[in-house]
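**Student:** Work the whole structure out from these sequences, hints included.
For the sequence shown, this note's numbering begins at 1 and goes up steadily by one.
Simulated from the structure, these hints should not be mistaken for lab results.
Beta carbons: idealized from backbone N, C-alpha and C, even for Gly.
One or more of the hints may lead you astray.
[Stated by the list, open to error] Simulated pairs of lysine to aspartate or glutamate, DMTMM-like, Cα-Cα distance not exceeding 20 Å:
no., residue 1, residue 2
1, 14, 84
2, 4, 75
3, 14, 58
4, 106, 84
5, 30, 52
6, 14, 89
7, 30, 46
8, 30, 71
9, 96, 82
10, 4, 97
11, 14, 60
12, 14, 85
13, 4, 16
14, 4, 89
[Stated by the list, open to error] Pair by pair, the computed Cβ-Cβ distance ranges are:
no., residue 1, residue 2, range
15, 68, 22, 14 to 24 Å
16, 22, 98, 30 to 40 Å
17, 102, 21, 28 to 38 Å
18, 69, 22, 15 to 25 Å
19, 101, 44, 15 to 25 Å
20, 58, 16, 15 to 25 Å
21, 75, 48, 17 to 27 Å
22, 105, 49, 29 to 39 Å
23, 89, 23, 17 to 27 Å
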Amino acid sequence: MELKVDPASVAWFKEEVGLPQGAGVRFLVKVYGCSPINSGFSLAMETNYPSEPGVTYEADGVLFYIESRDEWFFDGHDLSVEFDEGHGEPAYIFVKDGVAVNPLVKEA
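**Tutor:** Listed below in structure tokens is the structure:
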């Protein structure tokens, strides 16, 4: 599994999310909702301190991570966090074998 965060999303997290010293941005499973890859569960984020990170990505001094116990949710998909200009916030794109399951549609 791979985690990527584009530069615009990194900047958004730094500006919009209060990151305590030493904390990172954790992507985790919510028990309700749905996602393009897992019915009945969805993806959430929080600021926290990693305990058993399974996947990490670091950019501009910010650690982004998924704990080992949450990797099951991704079911072999990678996570690409891409900034959605239309909504003014990051979007979570799930990628399997190099193909986005839910590609970000960029407005012309």
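**Student:** Now tell me if each hint is right for this structure.
**Tutor:** Here is what the structure says about each hint:
A C-alpha spacing of about 16 Å is found between residue 14 and residue 84, which places the hinted pair at or below 20 Å, so the restraint holds. Note on residue 4 and residue 75: the hinted pairing holds, with a Cα-Cα distance of about 17 Å set against a maximum of 20 Å. About 12 Å separates the Cα atoms of residue 14 and residue 58, which keeps this hinted pair within 20 Å; it holds. Using a Cα cut-off of 20 Å, the hinted pair residue 106 and residue 84 holds, with the two alpha carbons roughly 7 Å apart.
Restraint check: the Cα-Cα separation between residue 30 and residue 52 comes to about 18 Å, which is no more than 20 Å; the hinted pair holds. At most 20 Å may separate the alpha-carbon atoms for a hinted pair to count; residue 14 and residue 89 meet this at roughly 12 Å. With a CA separation close to 11 Å, the supplied pair residue 30 and residue 46 stays within the 20 Å bound. Annotation: proposed proximity of residue 30 to residue 71 holds, straight-line Cα distance about 13 Å (limit 20 Å).
Taking the CA atoms of residue 96 and residue 82, the gap is near 16 Å; set against the 20 Å cutoff, the hint holds. Pair hint residue 4 plus residue 97 holds up; C-alpha atoms about 15 Å apart against a cutoff of 20 Å. Of the pairs offered as hints, the one joining residue 14 and residue 60 holds, with about 9 Å between alpha carbons and a cut-off of 20 Å not exceeded. The hinted pair formed by residue 14 and residue 85 meets the criterion: a straight-line CA distance of about 17 Å does not exceed 20 Å.
Among the hinted pairs, residue 4 with residue 16 is consistent with the structure: their alpha-carbon atoms are about 19 Å apart, no more than 20 Å. For the given pair, residue 4 sits about 15 Å from residue 89 by alpha-carbon distance, which is consistent with the 20 Å threshold. In this structure the hint that residue 68 and residue 22 lie 14 to 24 Å apart at CB holds, the actual value being about 20 Å. A beta carbon spacing of about 34 Å between residue 22 and residue 98 agrees with the range 30 to 40 Å that was offered as a hint.
Remark: the range hint 28 to 38 Å for residue 102 to residue 21 is upheld by a beta-carbon distance near 34 Å. At roughly 21 Å, the beta carbons of residue 69 and residue 22 sit within the given window of 15 to 25 Å. Remark: the range hint 15 to 25 Å for residue 101 to residue 44 is upheld by a beta-carbon distance near 18 Å. Checked against the given bound of 15 to 25 Å, the beta carbons of residue 58 and residue 16, roughly 19 Å apart, stay inside it.
A hinted range of 17 to 27 Å holds for the C-beta pair residue 75 and residue 48, which are about 23 Å apart. Against the hinted window of 29 to 39 Å, the Cβ-Cβ separation of residue 105 and residue 49 comes to about 35 Å, which satisfies the hint. For residue 89 paired with residue 23, a C-beta distance near 20 Å keeps the hint of 17 to 27 Å intact.
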